[in-house]
Structure formats: C-alpha cells, structure tokens
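Asker: Residue numbers (the numbering used here), protein chains in the order written: chain A, 1 to 110; chain B, 1 to 137.
Worth flagging that the hints you see were computed from the coordinates, not collected in a lab.
Please note that a few of the clues may not be correct.
[Said to hold, decoys possible] For lysine-lysine, the following DSS-like pairs were computed, each having C-alpha atoms within a straight-line distance of at most 30 Å:
1. B/Lys113 x B/Lys2
2. A/Lys72 x A/Lys42
3. A/Lys42 x A/Lys77
4. A/Lys42 x A/Lys82
5. B/Lys4 x B/Lys113
6. B/Lys55 x B/Lys113
7. B/Lys112 x A/Lys82
8. A/Lys104 x A/Lys72
9. B/Lys113 x A/Lys77
10. B/Lys55 x B/Lys2
11. B/Lys2 x A/Lys77
12. A/Lys82 x B/Lys113
Residues per chain, in single letters:
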Amino acid sequence: MLTIDTQIENTHHILTPSGEIDASNSVQLDESIRHLSESGAKSILVDGTQIDYISSAGLGVFMSYLEDFQEKGVSLKIFGLKPRVYEVFQILGLDQLISIFPDKESALAQ
Amino acid sequence: MKQKIQLSCQTSALAELRRFLEQQLEPTSLSERDRHQVTLAVEEVCANLIIHSHKCNGRDHIFLSMNDLPDRIVFEIEDQGEAFNLLQYEAPDIQRVISEKRKGGLGIILVKKIMDEIQFESHQGTNTCRLIKFFQS
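Between the sequences and the hints, there should be enough to build the whole structure, so can you do that?
Answerer: Dropping the structure here:
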C-alpha cells in the first residue's frame, strides 16, 4: 500500500510517499515525480520518513530522473530515510549518486 | 523447518510475499537488517519471474519454500515459465542504468550483493532458483 502526498513550501515541492514501494506501485512514484517535473518544479524534496520498504522498482524511478534533472537544473533530494531503507540505497551505491540527507533541515540547508 | 507459499503471478502478490517472509524470518537467527535485505532479495527474484517470465498472468503461480537450517536459510523459488537463469545474467553497471534511463536491472544487482549463494536449475519444465544466506558465526 502506497500513498503519495505533495506539498509546496516556498519554492520547494515536497513529495511524501507513505508505505511500501514495490513493482506493483512504483508507477505512482514515477507519475508523481514526472508531474512535478512537467509542471516546472526546480526543487523536489522527497520526505522518506514514511517509506517502510523500497525495492529496485522504486529505486529505479529515482535513478531514471538523475540525468534529465541534471540537464534541466532540477534539484532532487531525499531526506529522513529509515536506516534499513537507507541501507538498500547504500548496497547499490546510490547514496553516492543521489543527494540524501538525514532530515529536512539539512536537505534545505544545502 | 520448511515453510511454503504459493503466489499468483501478479505484482499485487508481492505484499503477500513480504508478510509471509516477515512472519517466517522473525524467529530465525538473522538480524533485523538481514531479514529486511533477504526479504528484498527474495522479492526481487519473484518480481522478476512474475513480470518477465509470466507477464503478470494471474493464472500462473510460483512456489516459494523457506528452509531454516542450523547454519543457513535456503529459499527455493520454483516456476514453470520461461527459464531465467540469474547466474547467466550479466547485471548492468549503475552508470548504464542511469544513462539508459532503464528502471530494471537493479534488482539482480541487489540479489547478488545480498545473498551468499545463488543456484539455478531447470529440469523437465520446472525452474528452481535457490537463494542461500548463511548465519554470521
């Protein structure tokens, strides 16, 4: 079960997925990010505090935007991941490719 | 003790698979971190079969058994679809995943990094993928 909430704070678009992200629902995450990107968002923050689980289907969604966002100057940051979820990013070395922060404050500060 | 589950080949069965694994892995000697990672690896293999070998046909099934042994846990995933030998699949490197904007391929890397041993055999139309995790001594 996955729900995705979006909010705007100043110039930042904050996306909050809640639940488990797997191959059955990663398309929801994809659509939410694509929608923000198409509507001209320049700063997308993913609040990871409510993500209980992520499989490669979800990780692949983040990966698929990396180049496009770099070209378009869109900033994508993830914050507040639970340790066991963060470890999955680490296994693949994605923590070196995606900007991941411990909390919202540190994500906004950079 | 050997525990079994039969899954319908639909991605909605993945949540059911996770609940089964959570329940079965809880009393084992694996740490919470390893339980989470092993669940992910088993799910990646099952998701791969469901999506690629069985094209999400809900009438097809895959069978998973988990055997909790003194020094290791052995998962056996059986199906009768098109054989997919994980061991022969060359996992893409991360840079290629990024530049080709592909959303697949990462799962196989995860399975290979998380599990200690992977075995595959195909016999009379039944494919068996065995994933083994040893307990840390």
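Asker: A separate judgement is required for each hint: does it hold in the structure or not?
Answerer: Going through the hints against the structure:
1. B/Lys113 x B/Lys2: Roughly 25 Å between the alpha carbons, so the hint for B/Lys113 and B/Lys2 holds.
2. A/Lys72 x A/Lys42: 8 Å, holds
3. A/Lys42 x A/Lys77: 11 Å, holds
4. A/Lys42 x A/Lys82: 25 Å, holds
5. B/Lys4 x B/Lys113: 24 Å, holds
6. B/Lys55 x B/Lys113: 26 Å, holds
7. B/Lys112 x A/Lys82: 23 Å, holds
8. A/Lys104 x A/Lys72: 23 Å, holds
9. B/Lys113 x A/Lys77: With Cα atoms ~25 Å apart, B/Lys113 and A/Lys77 stay inside 30 Å; holds.
10. B/Lys55 x B/Lys2: Holds - the C-alpha atoms of B/Lys2 and B/Lys55 are around 29 Å apart, at most 30 Å.
11. B/Lys2 x A/Lys77: 43 Å, violated
12. A/Lys82 x B/Lys113: 20 Å, holds
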